[in-house]
Amino acid sequence: MSAVAGDPYGGLGADERATLAAIADRLIPAAHGMPSAADVLDDDRLRFVLGARPDLFEPLRSALRQDLGDDVGARLDALGRSEPSTLAALQLVIVAGYYTDRGVREQIGYPGQMAIEIRSWEYPAYLEEGLIDAVLARGPVWRDPATGRRAAAGDAPRTYAERWSTDAAAPEGGSHGDDRS
Amino acid sequence: MAIEPADVLIVGAGPSGGVVAKRLAEAGFSVVCLEQGEWLDREDYPGNKLDWELKARKDWATSPNIRGLAQDYPIVEDDTPVSPLMYSAVGGSTIIFAGAWPRALPSDFRVRSLDGIADDWPIDYFELLPYFYRTDRDFGVSGLPGDPAYPPDTEDAPMPPLPIGSAGLKLARAHTKLGWHWWPEFNSINSVPYDGRRPCVQRSTCQSGCNEGAKASADLTHWPKAIAQGARLVTGARVRRIETDARGLATGATWIDADGREHFEPARVVILAANAIGTSRLLLLSASSAHPDGLANSSGLVGKRLMMHPFANVAGLFDEPLMSWQGQFGDLIESLEFYETDERRGFVRGARWGLAPTGGPINTALPSRAGEQIWGPDHHTHVRTHLGHGANWGLFAEDLPDEANHITLSSTVTDSSGIPAPEVHYSMADNARRMLDFHIERAKESMDAAGAYKIEVDRLMRYSGWHLLGTARMGDDPRTSVLDRWNRTHDVPNLYVVDGSCFVTSSGVNPTSTIVAIALRAADRIVETRAQQQVPA
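Chains as they are written, first to last, in numbering that gives the first Met the number 0: chain A, 0 to 180; chain S, 0 to 536.
Incorrect hints may appear among the rest.
Stretches of chain A that chain S covers, calculated by requiring three or more beta carbons in the stretch to come under 8 Å of a beta carbon on chain S [claimed, not checked]:
no.: 1; stretch: 15-27
no.: 2; stretch: 88-102
no.: 3; stretch: 127-133
Simulated from the structure, these hints should not be mistaken for lab results. The model shown is predicted, which means the values in this text are computed figures rather than measured ones. A virtual CB, placed ideally from N, CA and C, is assigned to each residue, including glycine.
All chains should be modelled from the sequences, with the hints used to inform the complete structure.
Written out as structure tokens, the structure is:
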């Protein structure tokens, strides 16, 4: 049986779905207040996953085939030994179905990748704490090709306030293009 | 009816192609570009959708071999521990790059003189500096001025820095305690509205395309402006060879459209901007009886000296929530504390560290790249303690050139147009291995100082070949280099290469900022020497 166009999950038989549920329950069981993947992975969730990734359907079916037997652990071991890409597809289907569920996301405190406004007008904490001043106080880090050594400090700003109290930074010794050969 | 030759034909609509197209079109050149990919609509990018992490592992994977899209070409990777990463579309790999925008450092251009190994470049940092300023403005860069890891600038980044997040602040405090360099990262990502594009919203999905258009991809920053100046961009156009005439000049390119039809695009000047694998592949594909080893290959160096920056990841886990799934994927902060050579460490050169966000729950729940997998009841504890509680130092080791690291053409694998695929032959040198080992240990000390209760290391990640460099190096001697100091091939006076192929050494930093500065410099030179340019009859 091949996947039905637009509904690849519909291509799974009842036995395959039962096997998938058993594996999901083994990998992500109910524990620590969280539901099992078998409980979360309903038809809608699996349709969502396979709709986004129809390429996963065939390896998923392969991972659920009968000849791998009834023992879930033995099935996973066999796949891991001889068909790692099939096992990876099976794990991805289960994990993706589980962690795209709204209830699971709420329980783990993950709201999704959010759009957060940058507050570029705020003074960063690292400046407030003097962390940049500490970097500047140690002087130049770059290696001057003209000398082969760490560049001389010269009159380089040693605090961020000093950096902003001057116009464009002045040369601090070494090569700045005016003396290159 | 014969097509009127364009003044300039560019192969590849990525960042370097975009820079050159815009500059030359503005200078009045007739410009045509052939791009194997298509225009993308950022509404289709998955980053703001529920299936983001699923799509990021297939259609939006960074490896063309995983995507397997028609516009991608396969790469034979049997002989490399690192997979090259790239994207085929208008905008090229800037569609999926992270946006980190460090420049190569002054010492990077003088490796032979300073460290007695590899080669010096024919150009230097200070010669490039005016071009860095111009490309920073054109792409749009956010950053905090005054980083003492670089010589003082006379021009600041055009936008204020992006936030460094809770993880960045934690590591910045640790480096203050250790007395080590750190700095908020320069990123080509808008921190404020800029050039008609919106600011970043910290979604952290930069490598699946930026839904906001805040990240500087060349389809937004350059191509619309080049086209407004008259440049013609042909998409779905896969170039199979550069043609030459009896005088040895390039005459244009033969290309294949999506329906398999062959075309010829004539031009007076040809510029390759197809990345260090695509460009060397094309030069090798352009072999003929006049140049049986490939075009512009009298030195024998086309496709050789491939550098990809061996990459390791050091992750720290912290008790407190850091919400580290958010934030620009271009780095939060960087450290160049151990970038410069100290031979007491047992190797030469160094590595840049970039601190990046850590991904969403699917990435957290699946087996790690190092192979750790947690199933059963402990799975829930694993996800709760990892998701949003991590910070990742990415370590980019300088890769020194080695002719044994090279590209060849496959005799068995082709792309969807029947053109031979590139084969990558690459191994990590002992110097780089020692370098990564040293930096991993220092990065662990950094995480430890930050209070990490657990530190996880991923040595030499396979899917880390973002930085493709060196396969048509520049130099003054035609016997030992493919390009001259202006990116023109020594052998073919009207053929240029403006992508990362031109790199003599790799530096240890993300290269896009340096690639596009060099490309702009080359374009300026083409404009200045227009009257002297040899062209076919």
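Right, here's what the structure says about each hint:
no., hint, in the structure
1, 15-27, "holds (count 3)"
2, 88-102, "holds (count 7)"
3, 127-133, "holds (count 4)"
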